[in-house]
Each structure stands twice: as structure tokens, then as C-alpha cells.
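Participant: Residue numbers (UniProt numbering), protein chains in the order written: chain U, 1 to 332; chain X, 1 to 332.
There may be inaccurate statements among the hints.
Think about it this way: if two alpha-carbon atoms lie no more than 30 Å apart in a straight line, the pair counts; the simulated DSBU-like pairs of lysine-lysine are [stated by the list, open to error]:
no., chain 1, residue 1, chain 2, residue 2
1, U, K325, X, K273
2, U, K117, X, K308
3, X, K308, U, K25
4, X, K325, X, K117
5, X, K73, U, K117
6, X, K25, U, K325
7, U, K303, X, K76
8, U, K25, X, K25
9, X, K273, X, K117
10, X, K303, U, K308
11, U, K117, X, K325
12, U, K117, X, K303
13, X, K117, U, K273
14, U, K308, X, K25
15, U, K325, X, K308
Not close to chain U: a few residues of chain X, all C-beta gaps over 12 Å, as computed [what the hints assert, rightly or not]:
no., residue
16, Y13
17, I33
18, N70
19, A139
20, M143
21, L147
22, T150
23, Q178
24, K265
25, K273
26, V288
27, L306
28, K308
29, L329
30, Q332
Honestly, the hints are just simulated from the structure, not real lab data. Idealized CB from N, CA, C, for every residue including glycine.
Number of protein chains: 2
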Amino acid sequence: MSAVPVISTLPNYQVLSSAFDQIRKFVRTTPLIRSDFLSNLIQGEVLVKAESLQITGAFKFRGALYRLLNLDKVQKEQGVTAYSSGNFAAGLAAAGQILNIPVRLVMPHDAPESKIKNARYYGAHITLCDSNTPSREEAASNMAQELAKTHGATLLHPFDDYQIIVGQASVALELQEQLHDMQNNCHHLLCPVGGGSLVAGSSLAFDKDVQVWAIEVDGYQGMNLSLKNGKRSRAPGNTLCDCDALMALEPGVANLDIILQTGVKGITVSSQKVHEAVRLAFSEMNLVLEPSGAVAIAALMEKPELFKNETVVAVGSGGNVDREKYASLLQQ
Amino acid sequence: MSAVPVISTLPNYQVLSSAFDQIRKFVRTTPLIRSDFLSNLIQGEVLVKAESLQITGAFKFRGALYRLLNLDKVQKEQGVTAYSSGNFAAGLAAAGQILNIPVRLVMPHDAPESKIKNARYYGAHITLCDSNTPSREEAASNMAQELAKTHGATLLHPFDDYQIIVGQASVALELQEQLHDMQNNCHHLLCPVGGGSLVAGSSLAFDKDVQVWAIEVDGYQGMNLSLKNGKRSRAPGNTLCDCDALMALEPGVANLDIILQTGVKGITVSSQKVHEAVRLAFSEMNLVLEPSGAVAIAALMEKPELFKNETVVAVGSGGNVDREKYASLLQQ
Numbered sequence: 001m002s003a004v005p006v007i008s009t010l011p012n013y014q015v016l017s018s019a020f021d022q023i024r025k026f027v028r029t030t031p032l033i034r035s036d037f038l039s040n041l042i043q044g045e046v047l048v049k050a051e052s053l054q055i056t057g058a059f060k061f062r063g064a065l066y067r068l069l070n071l072d073k074v075q076k077e078q079g080v081t082a083y084s085s086g087n088f089a090a091g092l093a094a095a096g097q098i099l100n101i102p103v104r105l106v107m108p109h110d111a112p113e114s115k116i117k118n119a120r121y122y123g124a125h126i127t128l129c130d131s132n133t134p135s136r137e138e139a140a141s142n143m144a145q146e147l148a149k150t151h152g153a154t155l156l157h158p159f160d161d162y163q164i165i166v167g168q169a170s171v172a173l174e175l176q177e178q179l180h181d182m183q184n185n186c187h188h189l190l191c192p193v194g195g196g197s198l199v200a201g202s203s204l205a206f207d208k209d210v211q212v213w214a215i216e217v218d219g220y221q222g223m224n225l226s227l228k229n230g231k232r233s234r235a236p237g238n239t240l241c242d243c244d245a246l247m248a249l250e251p252g253v254a255n256l257d258i259i260l261q262t263g264v265k266g267i268t269v270s271s272q273k274v275h276e277a278v279r280l281a282f283s284e285m286n287l288v289l290e291p292s293g294a295v296a297i298a299a300l301m302e303k304p305e306l307f308k309n310e311t312v313v314a315v316g317s318g319g320n321v322d323r324e325k326y327a328s329l330l331q332q
Numbered sequence: 001m002s003a004v005p006v007i008s009t010l011p012n013y014q015v016l017s018s019a020f021d022q023i024r025k026f027v028r029t030t031p032l033i034r035s036d037f038l039s040n041l042i043q044g045e046v047l048v049k050a051e052s053l054q055i056t057g058a059f060k061f062r063g064a065l066y067r068l069l070n071l072d073k074v075q076k077e078q079g080v081t082a083y084s085s086g087n088f089a090a091g092l093a094a095a096g097q098i099l100n101i102p103v104r105l106v107m108p109h110d111a112p113e114s115k116i117k118n119a120r121y122y123g124a125h126i127t128l129c130d131s132n133t134p135s136r137e138e139a140a141s142n143m144a145q146e147l148a149k150t151h152g153a154t155l156l157h158p159f160d161d162y163q164i165i166v167g168q169a170s171v172a173l174e175l176q177e178q179l180h181d182m183q184n185n186c187h188h189l190l191c192p193v194g195g196g197s198l199v200a201g202s203s204l205a206f207d208k209d210v211q212v213w214a215i216e217v218d219g220y221q222g223m224n225l226s227l228k229n230g231k232r233s234r235a236p237g238n239t240l241c242d243c244d245a246l247m248a249l250e251p252g253v254a255n256l257d258i259i260l261q262t263g264v265k266g267i268t269v270s271s272q273k274v275h276e277a278v279r280l281a282f283s284e285m286n287l288v289l290e291p292s293g294a295v296a297i298a299a300l301m302e303k304p305e306l307f308k309n310e311t312v313v314a315v316g317s318g319g320n321v322d323r324e325k326y327a328s329l330l331q332q
């Protein structure tokens, strides 16, 4: 799939706010849960924004919905095609069902069963892709491209898309409203990063008083490498990893362009710390987070010294994990 | 512990509303999560009120906080004593910590480790009771009574107390606000019942348009038997059961008095259906519910025909369950 053209003027607050207004009636306001353990750890205040409780169990529903709302009439009739490792798939399928727009999806054959089931449940047509060449994500992307041609459907990219980024920014706008109601503010926002739509959208929403962080997992730290190199860089992707939603090897072009301009910083965490974070979310907060959804909490556990005495919001970005897998994570 | 005197005039809506106003700034607004599966099952609309995400992981914090706020100055200084199988313990401990009131608790020795740890974490002094005679609850209650005498502390009952009932009613008042915001209303509210503070408070909050239901588990259906007999009746309590928060054998005197006047109905569910409900809450809604917290969902799964075409809210009353136990429930 060809990269999106980089636009010279970034979407401003008014654009983000108007997008949030358009999708507000469809999305669930997700709770902010305080973690006493993490607050004590940093001697500050830690809140978890539980997007695992969003419709379809992940924030991806927000961007998908906004993207579909902005198709033209003919595009809406002919439907959309996309590839996704799972959470974007379910989000797009649910958004398509609400708006009555046909959705065709390509998913990796080894995506978690619950994610495939979830997307199918919302009435999308699913094709499984069993190739890992050149990578699991890229093989599925190529297949989606073919499918779009065949059906005259609009091909969507799961993250490298300004409208999707603008839709995901609603997480940050909703958070701002919640913090305002609590007469609170935050100094840091930690976002899990696959291709970077959540972190890019969030960084557009906050001004320089709030440091936004891109959190990735070892082996799949394409965004962190790109931040370091100041240009799009590729992660090795050669390690076993159960953060199935974070396996994009490179950030989106639009996503990287935004976060280079907004001053996002990065942290890479180990798989082991991610597992500890999954257990902490369960034991302390009664929150189900999938491993991908727990990396922001893992970053706080791995580098508490970076956040000493500050107020931090960690996005728990998704909670779609198979039962057996989750049970085994709890038992470690 | 002697029963509370029954009062002739039930707390009115103004009393409930004023109580909610007093505790509002301390409690978390818990989300309402739609279940597509259960909605399809009853061909209606099912929402789960996730009190498992309340501070301390259960609704019990609400009533405990309101009760403590209404102690007089000397009582506040001398502190309180109570027995609890776990969730009231943690709720009371957290409320005591916030209001700087000493809390001494008696808990059954076989309460879930996470519940004991939770109460201790909030700074309460814990005594474990290893007697089951005449019942696990009553042995602990007797020990709490002794402790209160020794320390000149105020003895609190975990549920048979008008102020606690009024505090728990805030679940229903918050729900009413949420339904109003969603331009929705409900026909049925399903409440898990141990001693009956949540169901009694909730039934005070709703008028006759909403049917409130008391949901219990086989073997511990004291409230259902009492409703049937029109007088306080005792459940056998002789079956193995992992609904550790619902093991009171008899409803509270005040609680039963209220629900007989407000027209609450009852359903008893099997342990097996409760386990299925725990798994459904996980798989579909990413919600961690302890078995006791899942009985209202189990009732919908067991008797969907009672709710056909209606809008139902099921309270997911708590989510405090040990990791190993939860993993084994997921693997069944």
C-alpha cells in the first residue's frame, strides 16, 4: 500500500473537537481508574484510561467510526476493505454495522480467536491471511489491496490515515473533560503504540504542558527507533511476542510526521514487564487488559523514576485476549 | 448482634439523594456496559452496571462511606468495628482511611486472600476468625461484638443498617442519571444479594415502574425464602459455594422490611450458571467479576423468558477474586 501524502498543516484542536462531537453519541465514555500501587511507585498520581471497556474492547472503534462517517455516498454504498491484526478489525466491523456500510477484512491467521470472532460477530466478511512475508502485517495488507480492487471498495489503512488519527484523538479529548471534572490535570500521557494512531492523535490534542509518550515492546519498537533516528525506521520484529496489536514494524508516515512535530518521547518495555502489568491491572484494578493494552502500565513499572511526583495517565488501550491465554498470564 | 429496630417510615427519595450528594465526591462513577449477547438472549436491552470498578472493587464502599460520615465526633475518634467476608471490609477500611477514622475488622479465615490484603492495605486492623459455628458469618459477628466492647468502638453491621442501605442506594441514583443521559430507562434492575443492602437501597430509589429483583445463589437463598414466606427465613447454607460475598444465611431485618414493602421479587441461580456468567463477563465485556458479582448476569442466562423485550440493568457488584481462582474459572 502506498504511503499517505504528508500534509503541511496538522489538524488543529477545532478539527479534533468537531470529530469528537460527530462520534460522541456512538462511543462509550471509558472510566479513569486510579492505581494506588503505581501512584505510590512514582510518589505521584497514576490514572488508567480503560479503553478496554470501549465498544469492541479497544479504542480502535473511535477512529474507524469517524473514518466511515466521512466517506462519500458512493463509497459508503461500495463498502470498505482493510487489514488488521484484530482490534481495528472489530472496531471497523462494529462501525460498519452501525452505519450500514459493508466491511471486508483481512486478518492474520494467527490473530487471537476472540478478535476474529469479535469482527465476525459484527457482520464483517473476514479473509484470513497465512503468509508472514515480508511481514505478517504487510502480507495481510497486500491481500486487502487485491480485495479492494476486486470489489470496488475503499481501501483503509488501520493507522496511517489522518482521519483515523483524528478519530483516535477523542480518547485524549474525553480524558481532558474527565480531568476537568475532577479538577485535575496531568503531566504525562502514556500511549501504547502499534502503528501510532492513538499516540499521534493524542499528541495533537495536548499542548506542550503535557508530555505524550509512545510506548512499544522490545523487538517491535519501530516508532521508538524512528524517534531516535528522526526518520521512519524498521524494528527487527524477530522476537516472540504476545502483544499482537503492536506488531507493526514501522510507524505510519502520517503518524510519525505528527509525533516528530509534537515532541512525543518514547519508551520500550520488555515482554516480562508487560506480563506483570497485565497481572497488576487484574489484581489491583479489576481490569482485563490484553498484553498490548498493558504496555503503558509496564512503562511506569519499568521506569518509575521518569515520572516522580507527577500526574500520569496510562491508556489501557484494549482488553481482547483469549481466555486460555489470559488464564496462563494470571498463573505465571 | 441484636437486630436493628424496624422504622415505620422508609427513607424517602430526598434522603437518598442527600446521601448521594454527600458521598459523590469520594465515589467513582462506574460504567454501564451493554451486553450484546444478553440483549440478543432476551430480545431486549441488557446493561451491566460495573461496580467491580468502584473504589475497593465493589459497591460496598458507598454505604460504608456514608455510614462513617454520619458518626458523631466522639464515635469518629473511637473508631468502628465490623465483621465482613471481604468487600464490606475493604470498603470500610478505605472509607476510614479517607475520613481518618480507625477501623477494626473481623474477617473469616477463609475469605479470599485478595480481600484480606485489600482491607489491610487501607490501614484497617484485621482479626481473622476461624470458627464456623453457628455459621461463618455469625461467628465473626460475635467476635466483632467483643472487640467493639474492648475498644469502646462503634459496632457496625455490614448490611442490616438503614444508613448503609441508604448509602448503597447511590448505585441506583447514579444509574438513573446515566439512563437519563442516554435518554433510556429500564424495566428491571437485578441485584446480587448477600444480606440485602444493595437490593433494599435500590428498591427505595425506584418507583413501581421498575421491578427490582433479589438474586441469590442456591443454598444461600435466605432473601428468596423470606420473600416466599413473608417473614425472615434461613437458608440451609450447606453447599460448597464460591460466592463468598453472598453467604449470609438470613437477610437483614431492616433489609427484609424494606423489600417486602417495595415489592422486590427474587430469583435463585445455580453455581454452574454463575461460573458461565463470570466467563461471559470476561469474554464479551472485558469485565472481571467475582462469582458473587456475576449472579445477576447468571439470572438472565437462567431465566431469559422473564425479561423478554425489556430493558434490564444487571449490577456486577464486585470483582475481587484471587488470581488462581479466576484463572481456574476461565479454564472450565
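Participant: Work down the list of hints and note, for each, if the structure agrees.
Facilitator: A quick look at each hint next to the structure:
1. U/K325 x X/K273: At roughly 23 Å apart (the allowed maximum being 30 Å), X/K273 and U/K325 satisfy the hint.
2. U/K117 x X/K308: Within the cut-off at roughly 26 Å; holds.
3. X/K308 x U/K25: Cα-Cα ~26 Å, so holds.
4. X/K325 x X/K117: OK: X/K325 and X/K117 at ~16 Å, within 30 Å.
5. X/K73 x U/K117: violated (57 Å)
6. X/K25 x U/K325: violated (38 Å)
7. U/K303 x X/K76: violated (40 Å)
8. U/K25 x X/K25: holds (26 Å)
9. X/K273 x X/K117: holds (28 Å)
10. X/K303 x U/K308: violated (52 Å)
11. U/K117 x X/K325: Measuring from Cα to Cα gives roughly 26 Å; hence the hint holds.
12. U/K117 x X/K303: With Cα atoms ~26 Å apart, U/K117 and X/K303 stay inside 30 Å; holds.
13. X/K117 x U/K273: holds (23 Å)
14. U/K308 x X/K25: With a Cα-Cα distance of about 26 Å, the restraint between U/K308 and X/K25 holds, given a limit of 30 Å.
15. U/K325 x X/K308: violated (35 Å)
16. Y13: holds (25 Å)
17. I33: violated (6 Å)
18. N70: Consistent with the label, X/N70 stays out of reach of chain U, its closest Cβ about 25 Å off (over 12 Å).
19. A139: Fine: 29 Å to the nearest Cβ keeps X/A139 off the interface.
20. M143: holds (28 Å)
21. L147: holds (27 Å)
22. T150: holds (31 Å)
23. Q178: violated (10 Å)
24. K265: It holds; X/K265 is separated from chain U by about 29 Å at its closest Cβ, greater than 12 Å.
25. K273: The assertion about X/K273 holds, with a minimum of 18 Å to chain U.
26. V288: violated (4 Å)
27. L306: Non-interface label on X/L306 holds, nearest chain U Cβ at 25 Å vs cutoff 12 Å.
28. K308: About 22 Å separates X/K308 from the closest Cβ of chain U, which puts it past 12 Å; holds.
29. L329: The claim breaks: X/L329 does not keep its Cβ more than 12 Å from every Cβ of chain U (closest is about 9 Å).
30. Q332: The claim breaks: X/Q332 does not keep its Cβ more than 12 Å from every Cβ of chain U (closest is about 10 Å).
Hint check: violations occur at hints 5, 6, 7, 10, 15, 17, 23, 26, 29 and 30; the rest are consistent with the structure.
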